[in-house]
Every structure is written in C-alpha cells, then in structure tokens.
Amino acid sequence: MAKRALHAQSGFPIDKGTGDSVMKELPGEILRDLYRAVFRIRRTEETLASLYPEQEMRTPTHFGIGQEAVAAGVCGALGDDDVVYSHHRCHNHYLARGGSLLGLVAELYGRIDGCANGRGGSVHLTSRETGFVVSSAILGQTIAAATGSALAFQLDKTPRVAVTFFGEATCEEGVFYESLNFAAVRRLPVLLVCENNLYSTESPLSVRQPAGTDLCERVRAFKVTAERVDGNDVVAVYGRTLAALDQLRAGEGPVFLECMTYRWREHVGPNFDHEAGRSYRDKAELDRWMDRCPVKRARALIVASGTGESEVLSWESAIEDEIQTAVAAAKGSPWPETRTLFDNIY
Amino acid sequence: MRELTYVDALSEGLVQAMEADDGIFVTGIAVDYPSGIFGSTVEAARRFGPSRVFDAPAMENALTGIAIGAAAMGKRPVVVHPRNDFMFLAFDQMINLAAKWKYMYGSHAGSVPIVVRGVIGRGWGQGATHSQSLQSVLAHFPGLQVVMPALPQDAKGLTIAALTGDAPTVILEHRSLYPIAGPVDQAFAPTPIGKAAVVRDGTDVSVVASSYMVVEAMRAAESLEQDGVSVEVVDLRSIRPLDEETILASVRKTGCLIVADTSWVLYGVASEVAALVAEKAFHSLKAPVYRIGLADSPAPVSQPLEDAFYPKASTIAKAALTLLGRTHSHLGDIDLADEFKGPY
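Line order of the protein sequences matches chains F and P.
Under the numbering used here, the first residue of the first sequence carries the number 578, and numbering increases by one thereafter.
Under the numbering used here, the first residue of the second sequence carries the number 16, and numbering increases by one thereafter.
Think of the hints as simulated: they come from the structure by calculation, not from any bench.
Built from N, CA and C at the ideal position, the CB exists for glycine as well.
One thing to keep in mind: the hints can contain errors.
What the hints assert, rightly or not - Here are some chain P residues pointing at chain F (derived, C-beta under 10 Å):
| no. | residue |
| --- | --- |
| 1 | I81 |
| 2 | A114 |
| 3 | S126 |
| 4 | D181 |
| 5 | A302 |
| 6 | P303 |
Stated by the list, open to error - Listed next, the stretches of chain F that the computed footprint assigns to chain P, with coverage defined by at least 3 CB atoms under 8 Å from CB atoms of chain P:
| no. | segment |
| --- | --- |
| 7 | 609 to 621 |
| 8 | 703 to 715 |
| 9 | 754 to 765 |
| 10 | 911 to 923 |
What the hints assert, rightly or not - If you only want the chain F side, here are some residues facing chain P, beta carbon under 8 Å, derived:
| no. | residue |
| --- | --- |
| 11 | P637 |
| 12 | H639 |
| 13 | A723 |
| 14 | A729 |
| 15 | F799 |
Sequences and hints are given; from them, build the entire structure.
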C-alpha cells in the first residue's frame with residue numbers, strides 16, 4: 578500500500594510524530610535555529626522569485642520553495658568540519674550551510690560580489706569558508722565528488738563527513754550507483770540525501786521508475802543504510818541526520834536518506850505551474866502539499882514550545898531586513914570587468 | 016646520463032612525486048596488480064602500499080568525480096586508464112566539472128589538481144575502441160591541460176609537472192613508447208607544461224609531431240639526412256597549452272611544415288597546428304602545409320588493413336620530399352618491421 582501511495586504521487590508513508598517525538602528532547606535554541614533557517618530560506622527564495630520577472634537575474638533559476646526543511650534539517654545537524662555538495666536546486670543548501678546571502682543574490686545578478694564572482698550563476702554556487710564546497714547543474718556529478726571528499730577524510734583518518742544533496746531523478750543516473758557501490762565497498766563517511774519531490778522537470782515518477790519502486794530498498798541492496806524521512810518536517814530530518822552522523826563518524830559506512838518533499842514552483846523559473854498553464858500536475862496536488870508547508874509546521878512547533886509570538890515576529894522581521902539589504906547590495910554591486918574574462922581558467 | 020625505458024621513467028616520476036607529497040594516491044582498474052598498468056605503477060604499489068595505490072571498481076565517471084572531490088579536500092589523485100578510450104565514460108566529470116572548477120566558482124572553490132593517465136593503444140589488432148588518441152577532444156575545452164610525452168625524460172618530467180601543478184591534467188601515454196629507452200635525469204625535475212621541444216635541428220622542413228609520431232619523425236629525419244634533406248623535428252609534448260612560439264619559430268626557419276599526430280587529421284591537433292601557422296606565419300611558408308594522421312576510418316583489426324591505417328616514418332619522409340619537390344627513390348626500407356609479439 579505504501580508503494581502504491583508513492584506512485585499515486587499524492588502522498589507517501591509518513592512517520593507522523595517523528596518531529597514531535599524528537600522535539601520533546603530538543604533544546605529550544607536548536608529548534609529556534611531550525612525555524613529561523615527554514616524561514617530565512619523561504620523568504621529569500623520568495624523574494625528572489627518575486628524579483629525574477631524584472632529580467633535582471635539572467636540565470637536559469639531553480640527555486641527550492643517547499644523543500645526548505647531538508648536543507649535546514651540536515652545542515653543544522655552537521656559539524657563545522659563537514660562538507661556539503663549540492664545540485665541545480667541549490668540555494669536552500671547553500672543558505673542552510675551558512676553561505677552568504679549577498680553572495681547568493683549577487684551571483685544571481687551576475688555581479689562581482691556573487692559567491693562565484695558572477696561566473697557560476699544560480700546553479701554553480703560555492704562557499705568553501707562555510708563548508709559548502711560546490712553545487713553543479715549536472716545530475717549526479719556531486720554525488721561522486723562528495724564520495725571523493727569522504728574518501729579523503731577516510732584516508733586522513735578524520736571523523737569528517739561529506740554530504741551530497743540530490744533529487745530522486747539522480748537515482749536514474751549511473752554515477753549514483755557507481756558512487757554508492759564504491760562508498761559501500763570502502764565504508765566511506767558520505768551522507769546521501771535524496772530530496773524526493775516526485776518530479777524530474779515535468780516527468781512524474783510513474784514514467785521514470787517501475788511501479789512499486791522503493792528507492793531505499795534499492796539502496797539497501799548495496800548494503801547501505803537507507804531510510805525514508807518526512808522531508809517537510811525539519812525536526813524529523815534533523816533528528817535522523819544526527820543519528821546518521823553517529824554511524825558515519827563511527828566508520829560504519831554511508832547512509833542514504835530519502836526525504837519526501839515537494840517543489841511548489843515550476844522546475845526552472847519563479848512561476849507556479851498552474852499559472853503557466855502546465856498540466857503535468859494539478860493545483861489540488863500542490864494545495865495538499867502546501868498544507869504540509871515545512872515553514873508553517875516548524876513555526877507551529879516553536880510556538881507550541883512556548884516561544885512568544887512577538888519574539889518569533891521579531892526574528893522574522895530581522896530576516897526580512899537582512900534579505901532586503903542583500904538585494905539592495907547585490908543590485909548595487911559592480912559588474913565583473915570584461916578584462917577578467919580569462920582569469921582563473923588554469 | 017643513464018638510460019631508462021619510458022615505462023621506468025613514468026614509474027620513477029610517479030614514485031619521486033609520491034615521496035615528495037603524501038597526498039598523492041593512485042587508483043584505477045588493476046593499478047595495484049603485479050602487472051600494474053604495463054609495469055608503470057608496480058614500484059609505487061610496492062613502495063607505498065594499498066593506502067596509496069589501490070584498485071577501483073569499473074566506474075570511470077564516478078571515479079573521476081571521486082578524484083575531484085578528494086582533490087577538493089587537498090589530495091592529489093592519479094586516475095589511470097589502461098586504455099584512454101575508457102576515459103570517454105568519464106568525460107562528464109572531466110569536462111563538465113574538473114575543467115570548469117576553478118573558473119566556474121570564481122576561483123573561490125580552489126582548484127582540483129587531478130591527474131588522469133590514459134594509455135593509447137596501437138597495432139596488434141587493438142581495434143576501434145582500444146587505439147584512439149583523445150588529445151584533440153580533451154584539449155578542446157578550456158581548463159584541462161593535456162600532455163603527451165614522447166621521450167622517457169618527458170614521461171618522467173611531465174608526470175612530475177602534472178603532480179606538482181594546480182590544473183587538472185591528462186597525460187596520454189602511447190603504449191608503443193613504453194619499451195623505448197632514452198636518457199633520463201635522476202633528479203626530481205619537471206618538464207614544463209606548455210613548452211614544445213626541438214628534438215632535432217634542421218633547415219629544410221619542420222615536422223611538428225606528437226607522442227609516438229615523434230619517434231617516426233626522427234626515423235624519417237635520419238633517412239632524409241642521407242638524401243641531403245635537413246629535417247627539424249618539434250616534439251609538441253603539450254597539446255594544451257600549445258607552445259605557439261616554438262612551432263612558429265621552426266616554420267619561419269624552414270618554410271615547410273608537416274604535422275604528424277597520433278590521431279585523425281580532421282578537427283585534430285594537426286589541423287590546429289596548420290591553422291596556427293596559416294594565421295601567424297603564412298608568409299614564411301614556401302609550400303602548403305601537410306597533415307599526417309590516421310587514415311580517416313575507425314581502426315581496423317585485420318593486419319593488412321591495420322598496416323594501411325597507421326602512418327609511418329616513410330609516410331613522413333615521402334611528404335617531406337614531396338613538399339620540397341624532390342622524388343623519392345629508396346624509402347621503402349625505413350619503416351620498422353613489426354616484431355611485436357602479443358598480448359599487447
């Protein structure tokens with residue numbers, strides 16, 4: 578039944594209460610950080626999406642609105658020395674891992690203050706100083722790269738962990754299985770975080786994977802620990818990641834987390850699919866997922882934990898200010914000089 | 016100076032580099048076997064053991080990405096392909112990630128100095144998928160360095176340069192060069208990447224050659240000397256960056272250019288060098304440029320077809336005489352008899 582539900586794309590087995598049960602033992606400070614992280618990502622992305630039609634951000638942009646809890650939950654659990662790799666829908670992970678807001682916004686505007694000085698664009702972000710190594714727009718590339726970083730950590734006998742985020746369509750790429758096999762053979766400390774949002778561009782799972790596919794089951798065939806998590810529950814993701822990190826740091830091999838979540842906007846661009854007249858999924862399905870909004874759920878948890886509404890509002894207001902400041906600074910940032918076109922090729 | 020074979024020079028360069036840098040590790044299919052990549056990784060495996068020289072599953076693309084991710088953390092991985100053709104499977108990681116890494120992230124993600132070795136096969140029925148030379152396709156993309164040592168000294172020196180430099184570098188090694196001996200420095204010294212070498216001075220015609228074609232060009236030059244023709248041989252050594260100055264200086268001196276590459280002529284290194292000279296030394300040319308490469312077909316296996324497929328010393332010598340307006344009378348015997356006994 579669980580498998581049927583997955584392929585109906587309207588739902589999937591969710592371990593309801595995971596978040597609540599973790600939350601009971603969660604220090605308020607951590608819950609606050611998790612909430613602030615999901616809110617900050619959401620509002621940054623919504624702000625960028627609202628500015629995108631101005632046609633000043635000349636870079637194909639894959640918004641991660643709706644998927645914030647995966648990035649915030651995983652990155653919230655990591656240590657300072659761990660490293661993160663991401664894919665084309667990477668703003669969430671970059672921000673969750675501490676990448677500079679100005680660096681992101683200015684990169685989308687192609688300015689010199691962009692995290693890649695306007696060389697990379699929306700899909701090629703980096704923030705080495707905060708442990709976000711790189712993102713890449715080619716499916717699966719960074720799964721291998723993260724595996725290689727994990728190999729380096731193992732060779733160096735350090736307890737560092739490499740994390741790679743990717744969408745479920747990447748589980749259709751050969752490089753995923755090559756990397757998974759190698760990580761399993763060598764018991765590498767790599768955390769594979771699959772953001773299963775049910776769609777690859779506009780293709781649903783049903784046309785991409787055989788009916789009844791269970792990715793975790795497939796991964797377990799490689800003798801790798803695999804678990805499905807409610808990807809819209811930041812506390813559940815955080816809690817499961819903490820447990821995974823224990824295993825990874827103990828040298829017990831890679832861990833695969835399949836985080837079930839949903840992308841609210843179109844594959845690339847700021848619009849909603851129903852606004853753009855696309856029929857590959859309907860508004861009713863989107864509405865069901867919007868009811869499970871990771872930001873609202875995290876907010877409800879924090880209020881339930883006893884934090885006053887006014888305090889939450891003051892955090893939110895500070896984050897809004899930070900975003901507006903970053904946008905203004907990005908728009909005011911200089912263009913890269915043409916004479917630098919050939920810099921840093923070698 | 017002592018003499019070493021090409022394969023021993025490769026091995027010595029690798030071992031010395033590994034002694035100098037703990038971060039170097041070597042991986043790929045069967046690199047730690049007793050036969051280790053035709054002998055070139057055997058000493059490294061013996062000396063540094065399985066933590067630094069280890070086998071890998073057959074996963075060319077992921078392995079390259081793994082090398083990139085390790086390099087990003089400060090390691091210096093060497094990925095070895097017993098045939099460079101297998102590297103096609105790794106082109107995504109090599110071209111879409113390694114080559115772009117430094118540029119695409121505004122240099123803030125650092126560099127990923129991976130070294131990829133690929134062995135070019137030739138003859139003995141290597142066939143269409145085990146004999147190609149990938150230098151042109153690899154060199155097409157800004158961000159990768161591509162080198163092709165022809166002499167043992169450079170097999171060692173370019174290995175050292177690749178393993179001490181910052182750019183992702185592909186070393187293409189021709190299997191037919193492995194048993195050839197030549198003088199090799201004992202010292203741990205790089206051959207500069209991006210510098211061609213004039214390996215024979217001459218005044219009548221320039222032969223700009225890559226990899227094994229340098230050997231054929233030298234053989235042709237010796238023969239032509241008996242006919243009173245003075246051939247200058249330029250060993251490209253580095254395909255990207257390309258040493259334009261050395262090529263142009265030679266052509267300005269001789270006025271005649273033959274380019275001999277181990278791959279096909281169309282869209283290849285020979286075309287690139289010909290275009291360079293046409294653009295920048297056109298008025299020095301006394302005759303049209305002559306390009307020599309593989310016959311324009313996939314590599315056949317059957318021996319007579321294979322013999323016809325590969326250009327030889329005599330091909331170069333005849334081209335030189337043609338360019339100079341000379342007849343060629345007694346060139347039939349300059350090609351080496353194929354005495355190789357398999358397996359390859």
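So, going through the hints one by one against the coordinates:
Interface hint status for P:I81: upheld, as the beta-carbon distance to the closest one in chain F is roughly 4 Å, under 10 Å. Annotation: interface hint on P:A114 holds; nearest CB of chain F at approximately 9 Å, less than 10 Å. Among the interface hints, the one on P:S126 holds; its C-beta lies about 8 Å from the nearest C-beta in chain F, closer than the 10 Å criterion. Taken as an interface hint, P:D181 checks out: its beta carbon lies about 7 Å from the nearest beta carbon of chain F, inside 10 Å.
Contact between P:A302 and chain F, as hinted, is not supported at the beta carbon level, the nearest pair being about 35 Å apart and thus beyond 10 Å. Taking 10 Å as the C-beta cut-off, the interface hint given for P:P303 is violated, the closest approach to chain F being about 33 Å. With 0 residues having a beta carbon nearer than 8 Å to a beta carbon of chain P, the segment 609 to 621 of chain F misses the requirement of three or more and the stated coverage is violated. Judged by the Cβ-Cβ criterion of 8 Å, the segment 703 to 715 of chain F is covered by chain P as claimed, because 7 of its residues qualify and three suffice.
Beta-carbon proximity to chain P at under 8 Å applies to 5 residues in the segment 754 to 765 of chain F; the threshold of 3 is reached and the given coverage holds. Against chain P, the segment 911 to 923 of chain F contributes 4 residues with a C-beta closer than 8 Å to a partner C-beta. That satisfies the three-residue criterion, and the hint holds. Interface restraint check for F:P637: the shortest CB-CB distance to chain P comes to about 15 Å, outside 8 Å, so the restraint is violated. Interface restraint check: F:H639 against chain P, minimum CB-CB distance 17 Å, threshold 8 Å, status violated.
Taken as an interface hint, F:A723 checks out: its beta carbon lies about 6 Å from the nearest beta carbon of chain P, inside 8 Å. Residue-level restraint check for F:A729 holds (minimum Cβ-Cβ distance to chain P is 4 Å; threshold 8 Å). Below 8 Å, beta-carbon pairs count as interface contacts, and F:F799 has none with chain P, the closest being about 12 Å; its hint is therefore violated.
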